[in-house]
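Each chain is listed here by its residues.
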Amino acid sequence: MRSKIEKLYMGIILLFMYAPILTLIVLSFNSSKSRARWGGFTFKWYINLVHDNSVLNALANTLIIALISTIAATIIGTITCVGIMGLKRRSRTVLMGVTNIPMINADIVTGISLMLLFKVMHFETGFGTVLIAHITFNIPYVMLAVLPSLRTINPNIYEAALDLGAKPFYAFRKSVLPDLAPSVLAGALMAFTMSIDDFIITYFTKGSGFDTLSTKIYNEVKRGIQPEIYALSSIIFLAVILLLAASSYIKHRQNSLKKGKYLYKADRKISRGQAVALAAASAFIVILAMYFGGVFTRKNNQLFVYNAGEYLDPEVIEMFEAETGIEVVYDEFETLEIMYAKMVQDDGAYDVICPSDYMIAKMIENGMLQELDLDQIPNRKNIGEQYMEASRSFDPDNTYSVPYCWGTVGILYNKTMVDDPVNSWDILWDEKYSGQILMQDSIRDAFMVALKRRGFSLNTKDPGELELATEDLIAQRPLVQAYVIDQARDKMIGGEAALAVTYSGEVLYAQNENPDLEYSVPDEGSNVWIDSWVVTKKAKNPEAAMKWIDFLCRPEIALMNFDFVTYSTPNTKARELIEDENVRNSEVAYPGNDILKRCDAYSYLGEDGDLLYSNMWKKVKSGI
Amino acid sequence: MSKELIRLEHISKSFDGELILDDLDLVIHENEFVTLLGPSGCGKTTTLRIIGGFEKPDSGRVFFDGMDITGLAANRRQLNTVFQKYALFTHMDVAENIAFGLKIKNKPRDYIEEKIHYALKLVNLEGYEHRMPGSLSGGQQQRVAIARAIVNEPKVLLLDEPLGALDLKLRQDMQYELIRLKNELGITFIYVTHDQEEALTMSDHIVVMNQGYIQQEGTPEDIYNEPENAFVADFIGDSNIIRATMVRDELVNILGTDFVCVDKGFGENKPVDVVIRPEDVELVPRGQGIIPGKVTHAIFKGVHYEMEVEASGYEWQVDSTRLFEAGSEVDIQVDPFNIQVMNRPESEDEEAMAIDV
Amino acid sequence: MFNNKKTSRLLSSPYIVWALIFIIVPLGMVVYYGFTDKSGAFTFENVAAITSLVHAKALGLALLLSVISTIVCFVLAYPLGMILAHNKMSNQGIVTTLFILPMWMNFLLRTLAWLTLLENKGVINGILEVLHLPGINVINTSGAIVIGMVYNFLPFMILPIYNSLSSIDDNVINAARDLGADARQTFFKVTLPLTVPGIVSGITMVFIPALTTFAISTILGGSKILLIGNIIEQEFTLTYDWNLGAGLSIVLMLFIVVNMVVSAMADNGEEQDKKRMPSGRSGGASE
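Chains as they are written, first to last, in this note's numbering: chain A, 28 to 651; chain B, 21 to 377; chain C, 82 to 368.
Just so you know, the hints here were simulated from the structure itself, not pulled from any lab data. Where a beta carbon is used, it is the ideal one built from N, C-alpha and C, also for glycine. Incorrect hints may appear among the rest.
[What the hints assert, rightly or not] Residues from chain C that face chain A, not an exhaustive set, calculated with beta carbons under 7 Å:
#1 Leu92
#2 Leu108
#3 Val111
#4 Lys119
#5 Pro183
#6 Trp185
#7 Met186
#8 Ala194
#9 Leu307
#10 Ile313
The whole structure should be built from the sequences, with the hints applied where relevant.
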């Protein structure tokens with residue numbers, strides 16, 4: 028009876044631990060791209076995975092970092108443990124205290140502190156800095172595992188070995204290490220796991236063009252994860268299980284072979300069996316990483332591209348590389364603010380970026396962009412004149428930017444859940460829809476909704492108007508289910524909410540997955556935005572950047588991107604190529620002038636304005 | 021013989037399908053120093069744990085003072101245990117360790133203080149009240165463990181290889197201390213060990229166990245002088261144990277040579293084992309004995325010489341006060357009274373000997 | 082090896098240098114940023130900013146949620162640790178593996194999976210609906226954040242508790258029973274006190290990351306619930322006021338300092354006991 032209750036309890040805890048894992052594995056077979064909807068069984072994400080270089084690259088980086096940092100941390104950690112035993116008590120306490128810092132310190136503080144260090148010391152962030160960071164936080168895990176078992180080892184064994192004429196290292200290897208091996212291995216395994224799982228520290232210490240799986244996933248979390256990532260994670264997970272099963276099988280076989288007579292020897296064989304399994308695994312990982320990663324072959328002719336997540340058809344990159352021979356290092360940012368923070372940190376990190384209107388104005392004002400060499404971008408002529416015109420609000424002479432996508436901000440709603448006409452922002456304050464509303468988790472968009480609702484300018488810097496908007500947003504807060512960015516799409520597809528503030532570009536995709544969804548731009552007006560390609564001032568390869576922009580302006584390429592991202596293209600030639608008439612003439616994708624008339628673009632608010640908005644936003648988020 | 025205190029009847033116990041105790045019967049009397057002796061895995065510790073209440077037998081009953089205590093939990097039994105590796109409470113100091121059982125029983129404060137003092141004096145640890153167990157040597161911890169057990173005034177003290185972790189000198193000292201303690205306390209000691217010397221030194225009564233069976237019971241003298249089978253003979257002291265054939269009553273053929281002996285009743289031409297203690301093998305100059313042999317080793321041991329003699333294809337162990345140098349040609353002879361003839365044991369016992377001894 | 086001072090120093094010096102450069106100096110930089118303003122002048126403002134209503138509320142909420150999560154983890158982990166230690170089926174390797182295995186699925190993915198499970202139209206509510214049971218409405222609440230914290234940090238509670246439980250000699254428990262303690266007394270007077278070190282390290286390893294997380298609250302709290310970790314993250318990635326971010330980080334570091342002091346005190350106590358010991362095992366023999 029008692030053991031039944033125990034088993035039940037353990038079962039519940041294990042269910043709790045593994046339910047999310049199972050969910051992810053199931054999602055990896057979901058043919059719908061949306062997390063929220065089951066679209067049938069498929070293997071396609073696994074098949075796609077083989078061709079997805081960015082994911083495989085991230086995998087390779089993850090494994091290489093984890094492996095090297097584990098080996099380094101294991102060696103340093105073990106040696107230090109041996110050394111520490113002979114230190115004076117006080118120095119030992121101090122050193123152990125210091126060692127514990129990365130482990131008990133908040134990851135975010137560790138990450139930030141290292142970032143500050145690298146920046147001040149002018150370290151080039153990237154592979155090297157991430158590796159250093161990982162070694163630093165891995166050492167404590169190794170020491171934590173090794174130190175206790177080192178304490179239990181009789182120093183006489185080692186001394187006896189020395190006495191018999193062994194050299195110190197040999198004596199250590201032969202007399203102490205075998206007893207220590209299991210805990211060293213345990214420490215190494217822990218370190219490897221922590222390294223694989225870390226993202227915060229990696230996030231702050233990685234440079235441009237370098238991603239591990241975690242940082243890649245982090246970029247995607249808010250947008251909705253590529254299903255290939257689920258597939259990859261499932262593969263990793265199963266591989267680990269197989270590996271562990273194999274090693275325990277080896278252990279078991281050795282045990283039963285030796286049963287009885289030489290138990291002690293069998294015990295030591297266990298660690299050897301594990302060591303063999305681990306060595307095999309390491310070799311496998313390295314080969315895999317080298318095969319897919321190609322991280323060791325960096326060409327000279329590179330172009331660093333920085334774009335929002337899922338905002339470009341990966342095939343386009345391959346076509347560009349094939350045609351020009353330029354290697355593209357493609358990075359994604361989560362929000363414009365994060366992109367800007369990165370550029371402030373390292374202004375030469377990227378050659379070509381795709382920000383939005385107000386951010387372009389800000390970057391122009393801060394001298395972060397260079398004028399385009401229009402001779403090299405003949406395909407710019409494919410961009411509709413009205414979009415060039417609209418661009419002048421942030422790029423007065425059309426010299427810095429070439430439009431890439433555009434759209435409006437509006438309300439995406441579920442017809443089956445909303446009876447009232449959706450023609451005013453007011454509906455987002457309607458208590459009837461309490462808990463059914465998704466707001467944008469971005470400062471400008473959220474304030475735009477509140478400002479427009481009261482008839483103010485969406486670029487206002489008037490503290491009184493902003494105060495009112497803030498109050499409104501705080502009042503709205505209890506009704507809001509969540510503040511999200513691109514997750515709104517998945518949630519709306521899954522029927523989680525009735526109303527969501529979204530970008531028009533998400534609508535086509537969402538409607539495709541859930542036909543109950545409709546989109547409306549409220550009568551009070553809204554934001555119309557343009558995302559455009561710009562070249563950074565400190566770009567290392569400006570010619571390639573121009574080629575890139577020109578390439579993207581080709582009608583057939585622009586069409587590919589439109590098909591992939593579903594955001595409206597300003598490329599008139601590309602629009603003409605759209606086969607589906609409903610899409611080509613969609614009110615959502617290409618709103619009529621009546622709608623556009625009541626929409627404005629964001630302009631740059633200046634540093635003071637930014638600060639004002641972000642302080643107000645903090646108040647909204649904490650509800651005070 | 022004094023009054024019966026503990027009785028085990030038909031005790032069987034197995035772990036993971038492996039039979040550890042097989043239908044064991046054992047009686048322990050009041051005020052005895054009983055030792056359960058045997059190689060590791062023989063079931064002696066399991067027997068002790070069943071008496072202590074830490075294991076339940078699969079079948080059989082345990083009686084204490086005539087009462088059936090088979091199902092009684094450990095904390096309700098009138099006996100206390102001194103564990104292997106002491107099992108002290110490392111988060112409590114010495115006094116708290118000793119007071120543990122008394123506090124549980126809600127004894128008054130003064131009484132507890134007095135008992136702690138008394139017990140520490142008894143085990144020669146006065147002044148150690150407020151030391152932590154981690155700061156004590158092995159011998160001191162052992163004394164604390166004993167003190168912790170005896171303050172509860174148990175009728176029986178169970179000791180599970182209590183000296184196993186101590187070094188030789190300390191072990192010998194503690195042996196005498198334990199005998200003294202037992203005499204002062206006047207209670208029953210049940211002592212588990214695999215060390216035959218310990219058993220012979222301390223016990224009133226020895227129970228030799230192997231593979232879940234009692235092989236032989238008796239006083240130390242009985243066990244040493246008249247082992248009932250090859251296992252006991254081999255386990256207690258050094259012996260020459262030789263396969264032989266009982267030709268007829270009072271005549272046994274050892275390694276091809278007939279020896280006169282005093283044993284009868286084994287039948288004719290039956291395979292047997294003979295046990296001859298090293299001190300019972302006599303060496304005489306060549307031509308004066310029964311089997312010819314050659315001395316291969318000779319070591320001076322103080323009281324006697326320890327020699328090995330190669331004869332008829334067997335390495336004889338010989339203890340003698342008279343030295344024959346290595347390389348000497350000698351003859352071997354044995355007094356008929358010193359040849360102990362035993363039935364050839366079961367094959368599994370042989371195996372037990374080969375592995376565990 | 083264990084006693085030779087010179088060798089000891091030689092062996093530990095590489096790491097001492099490493100720790101100096103990559104642990105101490107960076108922390109010094111956080112402190113520097115935290116106590117200066119944008120122009121580099123000394124100021125207390127960044128640290129004092131914790132008293133502003135928004136920050137204090139975020140810190141208070143983070144403290145509350147992480148304390149709750151720590152307690153829940155402890156309550157869940159202790160019985161589990163006892164079951165695992167009791168059943169012995171568990172050689173240490175298997176237990177450790179069982180509970181660190183989920184970490185091989187990315188932390189963010191696992192947390193995201195909870196979103197799929199907990200949503201109003203999510204997997205759990207789907208199951209409840211099939212069973213005609215009332216649904217749960219937990220997503221985007223503090224409750225969901227606590228679930229996420231417990232889920233992610235539970236292994237860090239289980240492992241040390243399990244380790245300290247399984248390192249208790251069975252005979253110590255038997256000794257308590259032998260001396261008359263019943264099951265309850267044995268647990269409270271012996272088992273629990275002996276596992277205090279494991280509990281302390283479990284609490285540290287759950288409480289600190291729970292206190293400082295921002296990813297869990299972002300994903301499962303629907304960005305509606307702002308914890309101190311979110312504020313710091315935003316200062317560095319959104320408003321790039323590094324000085325303020327560093328100042329708030331210093332406040333967080335206070336908790337770590339407190340923790341270090343406590344564990345150093347525990348370590349000292351242990352060492353002092355050892356010091357009082359005469360001289361190893363020979364002490365006993367001479368008596």
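(message) To test your reading of the hints: which numbers does this structure violate?
(response) 4
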